[in-house]
Amino acid sequence: MNTPNTSPSPEVTRTYRRPIPNTWWLKQRSTILFMIREWSSVFVALYAICLLGQLWALSEGADRYNALLARSLSGGSLVLHLVIGAFVLYHMVTWFKISGRIFGSGPLSPGAVTAINYVVWIAASIGIFYWIF
Amino acid sequence: MADQIKLTIWRYNPDNGPDNRPDKGDEYRPQTFTIPYQKDWSILDALNHIKAEVDGSLSYRWSCRMAICGSCGMMVNGTPRLTCSTYLNEFHPNEITLEPLANFPIIKDLVVDLTDFMDKLRSVKPWIIRENKKDDEDTSSEYLQTPAQMESYYQQSLCINCTLCYAACPAYGLHSDFLGPAAIALTYRYNNDSRDQGREDRRKVVAAENGVWKCPVVGDCTEVCPKHVDPSAAIQRTKVNSAVSWFFSFLKGGKGE
Numbered sequence: 284m285n286t287p288n289t290s291p292s293p294e295v296t297r298t299y300r301r302p303i304p305n306t307w308w309l310k311q312r313s314t315i316l317f318m319i320r321e322w323s324s325v326f327v328a329l330y331a332i333c334l335l336g337q338l339w340a341l342s343e344g345a346d347r348y349n350a351l352l353a354r355s356l357s358g359g360s361l362v363l364h365l366v367i368g369a370f371v372l373y374h375m376v377t378w379f380k381i382s383g384r385i386f387g388s389g390p391l392s393p394g395a396v397t398a399i400n401y402v403v404w405i406a407a408s409i410g411i412f413y414w415i416f
Numbered sequence: 425m426a427d428q429i430k431l432t433i434w435r436y437n438p439d440n441g442p443d444n445r446p447d448k449g450d451e452y453r454p455q456t457f458t459i460p461y462q463k464d465w466s467i468l469d470a471l472n473h474i475k476a477e478v479d480g481s482l483s484y485r486w487s488c489r490m491a492i493c494g495s496c497g498m499m500v501n502g503t504p505r506l507t508c509s510t511y512l513n514e515f516h517p518n519e520i521t522l523e524p525l526a527n528f529p530i531i532k533d534l535v536v537d538l539t540d541f542m543d544k545l546r547s548v549k550p551w552i553i554r555e556n557k558k559d560d561e562d563t564s565s566e567y568l569q570t571p572a573q574m575e576s577y578y579q580q581s582l583c584i585n586c587t588l589c590y591a592a593c594p595a596y597g598l599h600s601d602f603l604g605p606a607a608i609a610l611t612y613r614y615n616n617d618s619r620d621q622g623r624e625d626r627r628k629v630v631a632a633e634n635g636v637w638k639c640p641v642v643g644d645c646t647e648v649c650p651k652h653v654d655p656s657a658a659i660q661r662t663k664v665n666s667a668v669s670w671f672f673s674f675l676k677g678g679k680g681e
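Chains as they are written, first to last, in our numbering: chain U, 284 to 416; chain E, 425 to 681.
Pulled out of the complex, with its shape left as it was, chain U reads as follows (with noise of 0.2 Å):
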């Protein structure tokens, strides 16, 4: 069996390697959106740390849930939750479209395993629509 090699040390090859810069992500298109998608994942931990607040809320009983409601209506917060929302909402995107590269093979072709995402999303938010209200 043969033995692995490795890499002949840059002192005797006299080997470059170039640096790196910490704006390597701002030179492509693919790499500012994963960028993106990657930051937008602190914007999804946040929307979880809303649920649990009003969760938490709602358990100290309906004087507590509504002023927090109350609160949640305010300019600011409404500014907050729309910049969430567009962040959770590229995230969902780009996670769909990941989802039918992983699983989108044999009879379900990509764009098929990503386009029941879709339904299943849309159908789910009409079920807790209909639940709720």
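Hints in this document: simulated from the structure, not taken from any laboratory.
Do not take every clue at face value.
Below are the SDA-like pairs computed for lysine to any residue, each with C-alpha atoms no more than 25 Å apart in a straight line [what the hints assert, rightly or not]:
#1 E:K638 <-> U:S313
#2 E:K663 <-> U:W378
#3 E:K628 <-> E:A667
#4 U:K380 <-> E:K638
#5 U:K310 <-> E:K663
Since chain U is already given, all that's left is putting chain E on it; use the hints.
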């Protein structure tokens, strides 16, 4: 005057440099060549013209000229491409900038050191492993496969080891211990081959921190692959298989390895 085209080539000579400090990139510099434009020339043809007619010291790799040997990969205007199948007419009358494949150490000019890739390729044992050979197994005949069985790995079997995917992968650029796209795609190819029994042999290398889990799903490896291997899909599917395997191992009372 005949039509011309400019090629700016980033060159590196380890033996030159005022401070003799190649590690500081002293001698990594661009050089522009203006050559006759031939609309049916590939970039590799242009490089061969420069080497034959202009500057014989220019170094680069090439062999088959038909996009199957995978030797002539370079950064063409910042994107990893095979230069034998990338034509001047795609860029003319604009200038073309050529750099050695990104993320690899440069040996000279457009030649990079692929030792790290070769080590990683070998570590995933990219060949058919038969471990549980039965005593009465007839090894003189073929191991038959159905078309569906072949289809399950065929796409990944088209990899030509050109390493364009490594040059496109920011995870490999930032973490050189990452196993990388092609090695994982070939793992997927052999793991899904009905004749192979080496999945366990490869698992510890692939289902590890420096294996599939280092991939942040940028997807550029798939975009640049000249053979449409789709390494990104192979990596994500291997993550799913690895997680499922871990879960069942955990349920059986193991450590979830």
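Practice task
Mind listing which of the numbered hints don't hold for this structure, in increasing order?
Solution key: Number 5 - this is the single hint that the structure violates.
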